[in-house]
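For the sequence shown, our numbering gives the first residue as 133, with consecutive numbering after it.
For the record, the hints were derived by calculation from the structure and aren't laboratory data. You can take every hint at face value.
Label pairs and their computed distance ranges (CB to CB):
#1 641 to 175: 32 to 42 Å
#2 486 to 660: 24 to 34 Å
#3 658 to 490: 30 to 40 Å
#4 346 to 320: 35 to 45 Å
#5 406 to 633: 48 to 58 Å
#6 170 to 656: 45 to 55 Å
#7 310 to 345: 23 to 33 Å
#8 633 to 141: 36 to 46 Å
#9 188 to 663: 43 to 53 Å
Straight-line Cα separation of at most 27 Å, BS3-like style, residue types lysine-lysine; simulated pairs:
#10 187 to 315
#11 155 to 635
#12 454 to 635
#13 631 to 454
Just so it is clear, CB atoms sit at the ideal spot from N, CA and C, and this is done for glycine as well.
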Amino acid sequence: MNAAVITVGCLILLFLGYRFYSKFLERYVYHTWDSNESTPAVEIDDGMDYVPTKKHVLFGHHFSSIAGAAPILGPAIAIIWGWVPALLWVVIGSIFMGAVHDYGALVISARNGGKSIGQVTETIIGPRSKMLFLTVIFLLVFIVIAVFAYIIASLFVAYPGTVIPINFQIIVAIFIGWWTYKKKQSLLIPSIIALIMLYVMVYVGFQYPVHLPEYLWINGSEVMTWITFLMLYGFIASIIPVWTLLQPRDYINSHQLIVGLICIYTGIMVAQPMMDAPAFKMSGNPIPWFPFLFITIACGAISGFHALVSSGTTSKQISSFKDSRMIGYGGMIGEATLAVAATIAVAAGFESAGDWHAHYGNFALASGLGPKLGAFVDGTAGFLSEIGITATLTDSNGDSRSLAAVFISVMVISFAATSLDTAVRIQRYIIGEIGEAIRLKPLANNRYLQSGLAVLFSLILVLSDETGTGGLKLWPLFGSTNQLLGSLTLLVISVWLFKSKSKYWVTLAPMIFITIITFIATYFNMMSYIDSKNYLLVGIALIIGFSQLWILFEGIRAFKTQRVDES
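Start from the sequences, fold in the hints, and give me the full structure.
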């Protein structure tokens, strides 16, 4: 089947979801369309974390933070079950679940002083659920930091042409942040100029790839050195004001992703490739499609991590509730377009159906993180070659590299790095909230200590394996934990809507679905961990499962309590 036709159909459905369903939510569920309430950013405005921000700039931050490597990795793995179920889940999930979830998390946080979804749980459901929720969040972000650092480091080594443009982007973003915030100048024109300069640096990087000298390698590994640098970067990025780096770099990144997606989709329209992957491949895999399709594709359909961004950094910067539909719902729809592009890239970007089957011959091949990112880069680079980005070079070792691959790799790394430093900042908030809950003032009030611990815990996990893959030990827990957090966030929003006498069914229905698939997936995973005697994963999965059951019980109790109060 023609991939271009399928792509157009998916994009039309996503547009209709934003055009109509988000407006229904805005007017009849979250009641933000005519809200004149003051936001936490306006009321607090501390110049550090609470900073009133123009909606297009904040959209750039939010969009870039949620659209990391995950909406690429998920579809690139889930295509093993066929492109039809993958695309259906991306489109339907994002419109009716993921975007509803992100939008709700942003609004509920902003209406509760910019508190994280964990803290809001105490107010909406009850104090006993707060620490359990914070525990789940801490474990999820802990995994995200470790794994994303490894992914970025691996891409730096695999695509050394990305090193110059990525580091250039950071330096320019700091200058733009100063120019905009201190000089009170417009961000739009400087960010566009910076984007153009970034593409110049992409060509420079293509011509002059950078590998770290061997004397800097840790344990004989270039990846380990990059991971260490990235952790240091994450620490610094999380303790400085959001306007210094986070906002301007994310704004540039949002332009970059839009340009990248336009190029990819234009390439698809020009190439008119046929789908190499089967439409359905529901049997013959050791991992059943249900429930694991819905766990594997999280970002791009619905992701609990998004609630941490919505209620962590975004809710502290939104200057008007009227902006929340575009940022919360629109940001998720934007990410879904990336997930669609990723699915098409790994379903139609191979030379032939035979090449696809060789790449996805079994689930072990399909589930490798590095190879799947490589499949996306190579597939989309093929689409870019259709619009004239065809330059290649061969080095002295006989290895060839393409300009299109560097272009796509820079886009992927930029968003993975944004998710990384946002995750460290979110973990800083979570550690502070844990410190506040246990009444430990140094932990509650010292951002340097909070960020230091956030980075240290993840770095210890990474260094637990001399190849830098320590984070992958816990990666099997990411999918179910991420969706668990999504279901719990929807539960909190549902209780809040119920108490507010609003249409709570729009969040309760997806919450029930996500809860069911999470429980089933956790059961299958537990059996697998027990069979392989991986007692570390068994123990953590038990902690997470217990936390979910307790919070669900508290949520049901909150519904019943409200009914009693009304009677």
